[in-house]
Amino acid sequence: MSDDKPQRRPRGSGFDDIDRRIIEVLGRDGRAQSTTIGEELGLSGNLVANRIRAMDAGGLMRVVAVSDFRIHGYRMVARIRLMISGRPPIDVARELAAREDVLSVHITSGRYPVSCLYAFRNAREMIEAVRQATADLAGVEDVDVELINNVYRYVPAVGPLGV
Amino acid sequence: MAFEPPEFPATDQLDRDIARMLADDARLSFRKIAADLDVTEGTVRGRVKRLQNAGLLKLVPILDIDRAHESAGEDHGQHMLFITVKCASGKLDQVRRGLLALPQVSALYDANAAPRLVAVCILGTLREAADLTDKVIALDGIREVETELVLQTVKYNAAIAPIATV
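The listed protein sequences correspond, in order, to chains E and C. Counting in my numbering, the first sequence runs from 0 upward without gaps. Counting in my numbering, the second sequence runs from 43 upward without gaps.
Just chain E, with the same shape it has in the complex:
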């Protein structure tokens, strides 16, 4: 390929210095206009727009809106961890992932291999979710519930975008 337009990059390669600088500006203001970013970095607005689009299309970077659970009508969030026996943890994880009020599900190396973040509208929903996890989910040996109280830091710079 002889096309050497600056927004093109070889398949599979990562970010270059221009991308890094663009991401840095987006970190300060996710909605900064391409022309504004370009002015700051000494690049054309078109180049900046193309780079952002290419990173997004390539699954490398996405500018997202992260909103607090309270906006969505939830009142509480808990981390619920499950100890599993006699069944692959991934099967339990997939069952949980299908629920709308389960925000995230991870398989970890710990004693409780299935770890999920659950949102609830009220305490009754939480009690019911824990009851279901214990009584209705096959293979669940033990459940650990941590009600999240205060958030002291939330800096979402990296995440599993491919999931």
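Heads up, some of the hints might be wrong.
[What the hints assert, rightly or not] Selected chain E positions facing chain C (in silico; Cβ < 8 Å):
#1 ALA64
#2 VAL65
#3 ILE106
#4 LEU136
#5 GLY161
Hints listed in this document are in silico derivations from the structure and should not be mistaken for laboratory results. In this text, a Cβ means the ideal position worked out from N, Cα and C, and glycines have one as well.
Assemble the complex: chain E is given as a structure, and chain C must be docked to it using the hints.
Relative to chain E, chain C alone:
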């Protein structure tokens, strides 16, 4: 000490709809959002600003965890580690400050009205995970440390999370 939930401004369906429209593309034009939701562009702009100021909405670039190390070098991205810490009585604030001083800690919560802290850490290498665990164990006021390395993410919702800090 009684648990007092922090106060946040009331939000309504319009806030919810705006947050949902911005979720996957925070750079979507306010004009488009306004047209879809049948309000003025100024209303959308005002709502977004208000939610941002309250800490209820963040518009941020997220790098893919499998690719981030290509960008920022190997001390970024790649591995997610949960560290759960039980603190000795009266030491919660001190331990919390110690954890917040660690740059690898990308999120920190307390749970069950304390004295338990949960840190979500982003690490470049497994070696770094071991070093970080050592640093946490060395913090004064720690009673118990549990680390869990994320092996697989089955579901990840970047749009809704506990994000509003106190």
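Going down the list of hints, with the structure as the test:
no.: 1; hint: ALA64; result: holds, 4 Å
no.: 2; hint: VAL65; result: holds, 5 Å
no.: 3; hint: ILE106; result: holds, 4 Å
no.: 4; hint: LEU136; result: violated, 14 Å
no.: 5; hint: GLY161; result: holds, 6 Å
Of the hints listed earlier, the one the structure fails to meet is number 4.
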